Amino acid sequence: MRCVLAFLIALAACRDAHGIVLWHAYNGAERDALEATVTAWNAEHADEPITLVAVPYDAFADKLSSAIPRGNGPDLFIYPQDRIGDWADAGVIEPIEFWVDDARADRFTPASLDAMAYKGSLWGLPMAVKALALYYNPQLVPEPPRTTDDVLALAQREQPHGVFALAYPNVDLYEHAPWLHGFGGSIFDKTGAFAIATPEAAKAMAFARSLVTAGATPEDAQASLIASLFNEGRAATVISGPWFMGEIANVPWKVTTLPIVSATGEPARPFASAEGVMMSSRAHDKDAAFAAMEYLTNDASATTRAKRARQVVPNVHAWDDPALAHDDVLTAFRTQLDHVVAMPNDPRMRSVWTPYRTALGEVVSGRAEPGPMLDKIQHEIEGFQRAP
Amino acid sequence: MTTLGAQARDFVAAALVALVVASAAFVSARNREVVDGQLALAERSAHSLAAGTQPLESSRGGLVGPAIASPSHSFLTHREIREPGRAWHRLDDKLIYDAATRFARDHADHPGSRFAGHDRYVLADGTGRAVAVVRAPNDELAIAITEPAKPAPYPLLVMIGVLGLALALAAAGALAGKRPLGSFAGIAALAVPPLLWSSWLAAGFIIALAAAVALGQRRGLTDRLARGLYAHRTALGFVTPAGLAMLVLVVAPFVIGLLLGFYDHHQGTWTFVGLDNFVEILSGGGRALDDPLNFWFILGVTVLWTICNIVLHVTIGVMLALVLSRTWLRGKGVFRMLLILPWAIPNYITALIWKGMFQGEYGAVNSLLHALHLNGVSWFSSWATAFSANVITNTWLGFPFMMVVALGALETIPKELYEAASVDGASAWQRFRHITLPHLRPALGPAIALGAIWTFNMFNVIYLVSGGKPGDSTNILVTDAYRWAFERGDRYGMAAAYATIIFAILLLWTVFGTRIIRTKGDAA
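Protein chains in written order, with our numbering: chain A, 340 to 727; chain B, 75 to 598.
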């Protein structure tokens, strides 16, 4: 009976028409930082308090896609940009450029705000920017490799000691993307058509294969293996994002920008995905909800998140804070943002990941040639888009 | 029970159904009417604005100018609006602003064309407000928004009146000794309001219901049904909760899944495509037969996967059961518990552990091979090894079930049979072949049928261990269906069609496959 009562009370709390419900998938320090900001908002806005609801990341997108069109779901939510295209087309999220003037927009770096735009509208305000960078173990490599040739030289030096020069999940497109862009390849061309099978993309794939044959990179390494290699001192460098910090234990580490691709002289450019706060198209009080969005992304809140959770925040002036300006790790991630490619918001992107992963797996293990493999997956992915 | 009482019972039951149908018809007819009315009003109002006159009553709006982008961001735009009788000023109504932006987004193909495209829709916020956008001269847009809809209330008095009339008709029929006629007239009377709302489907359903009740009464079916329900009321009371749960959790998703197979889902919109999904799947979608995405290739892998697993599960399970059933074996309980353990651990955890053990450089399997001075195997780089890795994992998961079933069956074999056979000089093999095996069959048959279904749909092992590697070639039907749904642009229709085909295959298997197993058992 008590359970039933508790359930009913919880249900009633969800149905409360007052206030703003915010869904997020944060854990640990990021959650603490968000809670601190929300507590501050609630103290100032007792009539429109924000209620935080933590939703597991795995189920997040599907829950939203099904709840919001039925009039349920949150008023606001925090999610990476990559579903914006889907949600905008399906009418799940609210365009917000109506409320945003230039003064508000200039708060953020241009690239991070661009990441929240789709089809001529703005669909969210950025809270954090995530991109890959290079972690290295200064005991093994006092000077991190600056070019891909440096990486191969490091491999020659370290391989006899059983140390990998560079560990990264080399069959995942997300981690392969720095090479893809560094060699001049892409997923979509300027007109928005698929441009997967290009000579540049083939060169990038061949390079990923050469890292394996040179013994620089373990073949088919999963994230957990990479963490243990780095922690055992058997990987000199690792390509990963801010989330990798939590997995490092008992080894000295530093972060720097990704190396320059020697073949082209261009920097390796990872995907940058911005995480932002977005509004449900069925939010109860949209003006109040936008005020909350604005508050969550203002410079003070951004500084709190950067300090407490080490988030790379997109607010330009948050970095004037001396404590943040002198944080080497955050500075490295922020410098990497000068050489990134915005993660495409195109809904078709979601059917690219798995075939690309399959193709990379075939090529880096030497079972297939890059060119024909890329032709095959481009054809396959285009086939998925076609209605029967 | 009196005739009148029985008549009242039948009438109330049928009238309840009819009322639900009629009310649903009312709500849907009213909503359609409200939406049509609001949309028409908004559109007329927008045309009036475009012509330079006032918006119609109970709507507002104005002429909206083109988007003016901020110098730094192309997507930060604002617009100007001119309401009748007022000068141009900055548009500060988000609904009108969004309507203009939406129009510009959807009709970007026809810029400047004066008559191409108009847009009208109802806001999704439950207020029933309609928005209409039409092109006006000078690249302006005439946008009108209606006030919230005022839907007609439920016609309670009409319904009570009709219900009273219907009851009177039914009662009159019963008193006149013509129960079926009275029922038909009474229930069919409830079809009058839906007829007035032009809900032909609902009206037809209610008349059919009336006819069904009348026919049922003539044959005494309703009385028998009522007696049956009354006699078994306790049993039915117990069954109802479970029945409702089955309805909601099994029947409804199943029916919806079947229907989804006839639709295509593409970026948020559903289109009815008939049998196209099935045709695309069964024709292989224009892919060669050895293409890992061709349905027939995947079906071949799935069937091979099922056969390999069942053979190994049964062989290993029966062998272990035979060992465990020996009377001389000590510590039987401990062994039995250890051997059931793989079954007791959630299978995705086991699958992830095995995936780690098959890892090429640091996995336990290859480390063991190295310790034995054998070459390590790159498990997921060729089809045969990747498939074997999947089969090994699933065998680990599957044999305990067969072992438990076989153990149970072995207990039931009378010891005298073996004693008699020994006396007759039968060898150990002969005893196994002619006594043990025939006695195991009745228990193992259903276990194999069930095990085959589980294995056919063993998503976790395939998805987690090989993940389709190399090059998608070790996928089975259910993992490919998953990829259609979640990794190829939300093609839920294709995935549902896949699920329907899998269901059909397994249905054929349960009907015919189990019959084969059973006849074999009977023959032996």
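Derived by calculation from the structure, the hints in this document are not laboratory data. Just so we're clear, the structure is a prediction, and the values are computed from it rather than from any experiment. C-beta atoms are modelled at their ideal positions from N, C-alpha and C, and glycine is treated no differently. Check each hint, because a few of them may be wrong.
Here are the simulated SDA-like cross-link-like pairs (lysine to any residue), alpha carbons at most 25 Å apart as the crow flies [unchecked claim]:
#1 A/529 - B/552
#2 A/458 - B/154
#3 B/168 - A/443
#4 B/168 - A/658
#5 A/402 - B/106
#6 A/625 - B/337
#7 A/458 - A/379
#8 A/402 - B/154
One side of the interface only, derived from the structure: several residues of chain B facing chain A at Cβ under 7 Å [what the hints assert, rightly or not]:
#9 104
#10 140
#11 149
#12 164
#13 171
#14 175
#15 180
#16 233
#17 298
#18 459
#19 462
#20 515
#21 546
#22 547
#23 559
So the derived label-pair ranges between C-beta atoms look like this [as the list claims (entries may be wrong)]:
#24 A/406 - B/320: 23 to 33 Å
#25 A/366 - B/213: 30 to 40 Å
#26 A/499 - B/144: 36 to 46 Å
Verification of the supplied hints:
no.: 1; hint: A/529 - B/552; result: 37 Å, violated
no.: 2; hint: A/458 - B/154; result: 21 Å, holds
no.: 3; hint: B/168 - A/443; result: 18 Å, holds
no.: 4; hint: B/168 - A/658; result: 33 Å, violated
no.: 5; hint: A/402 - B/106; result: 29 Å, violated
no.: 6; hint: A/625 - B/337; result: 34 Å, violated
no.: 7; hint: A/458 - A/379; result: 34 Å, violated
no.: 8; hint: A/402 - B/154; result: 38 Å, violated
no.: 9; hint: 104; result: 19 Å, violated
no.: 10; hint: 140; result: 12 Å, violated
no.: 11; hint: 149; result: 4 Å, holds
no.: 12; hint: 164; result: 11 Å, violated
no.: 13; hint: 171; result: 5 Å, holds
no.: 14; hint: 175; result: 6 Å, holds
no.: 15; hint: 180; result: 9 Å, violated
no.: 16; hint: 233; result: 28 Å, violated
no.: 17; hint: 298; result: 40 Å, violated
no.: 18; hint: 459; result: 12 Å, violated
no.: 19; hint: 462; result: 17 Å, violated
no.: 20; hint: 515; result: 43 Å, violated
no.: 21; hint: 546; result: 6 Å, holds
no.: 22; hint: 547; result: 10 Å, violated
no.: 23; hint: 559; result: 10 Å, violated
no.: 24; hint: A/406 - B/320: 23 to 33 Å; result: 25 Å, holds
no.: 25; hint: A/366 - B/213: 30 to 40 Å; result: 50 Å, violated
no.: 26; hint: A/499 - B/144: 36 to 46 Å; result: 58 Å, violated
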